[in-house]
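One gets our numbering by counting positions in the sequence shown from 1 and adding 24 to each.
Keep in mind that the hints were calculated from the coordinates and are not lab data.
It is possible that some hints are incorrect.
Unchecked claim - Taking CB as the label site, the calculated pair distances span: (1) E104 x E47: 29 to 35 Å; (2) A253 x I180: 14 to 20 Å; (3) E243 x E100: 34 to 40 Å; (4) A258 x D214: 41 to 47 Å.
Remember, predicted model here, so these are calculated numbers, not experimental data.
Idealized CB from N, CA, C, for every residue including glycine.
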Amino acid sequence: MVYSSFIYEVTDGIATIRLNDPERLNALTFETYTELERVFAAMANDSAVKVVVLTGNGKGFCSGGSVHEIIGKLIEMASEEQHRFTRLTCDVVKNMRKLKKPIIAAVNGIAAGAGAVLALASDLRLLSERAKFAFLFTKVVLSGADMGACYLLPRIVGQGRATELLFTGETIDAQECFRIGLANRVVEHDKLLNKAYGLARELKNGPLAALGITKDALEREADMDLDHALEAEAKEQARCMQSADFKEGYRAFVEKRPPRFDRS
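Produce the complete structure using the sequences and hints provided.
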């Protein structure tokens with residue numbers, strides 16, 4: 025499938041989405057949102073894709089929605105059109121979180137506004153030492169509750185820090201992101217993609233079905249009480265125990281060799 029607003033490639037089980045408007049720090053357009061919604065939906069049924077790497081071309085990861093191509097046009101829209109657009113942006117995040125495959129954000133520069141939420145909606149965030157985050161929505165007189173930010177951010181950095189970031193639109197650097205748990209790792213800028221693909225290969229060679237179940241459980245259990253979470257985990261774990269991968273993992277351990285998990 026060909027997309028015009030980003031570069032999409034699949035190599036050896038790893039899909040790369042590379043936002044591709046470097047002159048504007050990969051600002052998002054209506055077309056970008058539409059294509060991102062489609063690509064994450066399509067990958068759910070694409071057996072060639074095992075892991076996803078999301079990054080940006082040039083100096084930025086994603087500077088958020090284009091001031092002229094999105095914000096300027098939204099001002100002229102009727103409320104129904106505006107709501108259709110906001111639902112589309114939320115569907116991008118919904119498809120990312122429902123995708124039972126790991127998504128790694130390789131944040132190579134500024135991640136601002138909607139760009140910060142794209143990284144937030146990924147499962148793991150590897151940051152260049154030059155990366156910065158800014159949840160800028162209130163700076164343009166919009167709610168900080170955008171694309172699921174009020175749901176996702178507190179679960180990663182805590183309610184108090186999330187409130188501050190969403191209220192103030194403060195820009196924080198890579199080390200602060202790591203300190204508060206927003207970044208999983210901070211690496212040298214020139215090594216970012218090598219590290220991201222190294223992690224992607226590690227995950228791709230692991231038990232993919234078990235990783236998908238884990239991602240789904242992390243998502244669903246956030247809103248469960250403990251009793252329901254334990255019951256859900258008991259059922260899923262018993263299901264994993266019936267899998268060929270579980271038996272192969274045991275045999276590989278006993279035989280002291282690398283496991284050969286199901287790649288289908």
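Structure-based check of all given hints:
1. E104 x E47: 29 to 35 Å: holds (33 Å)
2. A253 x I180: 14 to 20 Å: Given about 18 Å between the Cβ atoms, the range holds.
3. E243 x E100: 34 to 40 Å: Given a distance of about 36 Å, which is inside 34 to 40 Å, the answer is holds.
4. A258 x D214: 41 to 47 Å: Taking Cβ atoms as reference, A258 and D214 lie about 46 Å apart, which means the hint holds.
No hint from the list above goes unmet by this structure.
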